[in-house]
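**Student:** Sequence:
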Amino acid sequence: MAFWRAVADGVEVTVRATPKGGRDALDGVATLSDGREVLKVRVRAAPEDGAATKAVIKVVAAAAGVAPARVTLASGATARVKVLRIDGDPAALGTALATAAG
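Letter by letter, the sequence shown follows residues 1 to 102 in the UniProt record's numbering.
Please note that the accuracy of each hint is not assured.
[Stated by the list, open to error] Listed below are the simulated EDC-like cross-link pairs for lysine to aspartate or glutamate, each with C-alpha atoms no more than 16 Å apart in a straight line:
id	residue 1	residue 2
1	Lys40	Asp87
2	Lys40	Asp24
3	Lys20	Glu48
4	Lys54	Asp24
5	Lys58	Asp24
6	Lys58	Asp34
7	Lys40	Asp27
8	Lys58	Asp87
9	Lys40	Asp9
[To be verified] Now the in silico label distances, taken between C-beta atoms and shown as ranges:
id	residue 1	residue 2	range
10	Ala46	Val81	16 to 24 Å
11	Thr95	Asp49	28 to 36 Å
12	Arg44	Ala100	15 to 23 Å
Keep in mind that the hints were calculated from the coordinates and are not lab data. Since the structure is predicted, the reported quantities are computational estimates derived from the model, not experimental observations. Beta carbons: idealized from backbone N, C-alpha and C, even for Gly.
Turn these sequences into a full structure, and let the hints guide you.
**Tutor:** So this is what it looks like as structure tokens:
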């Protein structure tokens, strides 16, 4: 799946966040109009003061099976499409994310 890619010491995951989505969960994979694949993440938090971004990080960390401290925001602090970096073994993280995404 192309929503993640291996980098040195981890992976980068492209997500499309839906704040105020009623629940904290993954909603599968979608293809954007420009052809990029993204992992859809829905969170209850409102997009105020970084609360939604923090919630997205927690959901993605749980899906990858790592602590939220190992997930950092690489780009897209105020955008719906964000790139998160997860530190760890790229193969294991990629497998966990692909399984969680369905």
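**Student:** Hint by hint, say whether it matches the structure.
**Tutor:** Going down the list of hints, with the structure as the test:
{"no.": "1", "hint": "Lys40 <-> Asp87", "in the structure": "violated, 20 Å"}
{"no.": "2", "hint": "Lys40 <-> Asp24", "in the structure": "holds, 11 Å"}
{"no.": "3", "hint": "Lys20 <-> Glu48", "in the structure": "holds, 11 Å"}
{"no.": "4", "hint": "Lys54 <-> Asp24", "in the structure": "holds, 11 Å"}
{"no.": "5", "hint": "Lys58 <-> Asp24", "in the structure": "holds, 9 Å"}
{"no.": "6", "hint": "Lys58 <-> Asp34", "in the structure": "violated, 27 Å"}
{"no.": "7", "hint": "Lys40 <-> Asp27", "in the structure": "holds, 5 Å"}
{"no.": "8", "hint": "Lys58 <-> Asp87", "in the structure": "holds, 14 Å"}
{"no.": "9", "hint": "Lys40 <-> Asp9", "in the structure": "violated, 24 Å"}
{"no.": "10", "hint": "Ala46 <-> Val81: 16 to 24 Å", "in the structure": "holds, 18 Å"}
{"no.": "11", "hint": "Thr95 <-> Asp49: 28 to 36 Å", "in the structure": "holds, 34 Å"}
{"no.": "12", "hint": "Arg44 <-> Ala100: 15 to 23 Å", "in the structure": "holds, 18 Å"}
Consistency with the previously given hints fails for numbers 1, 6, 9, ordered from lowest to highest.
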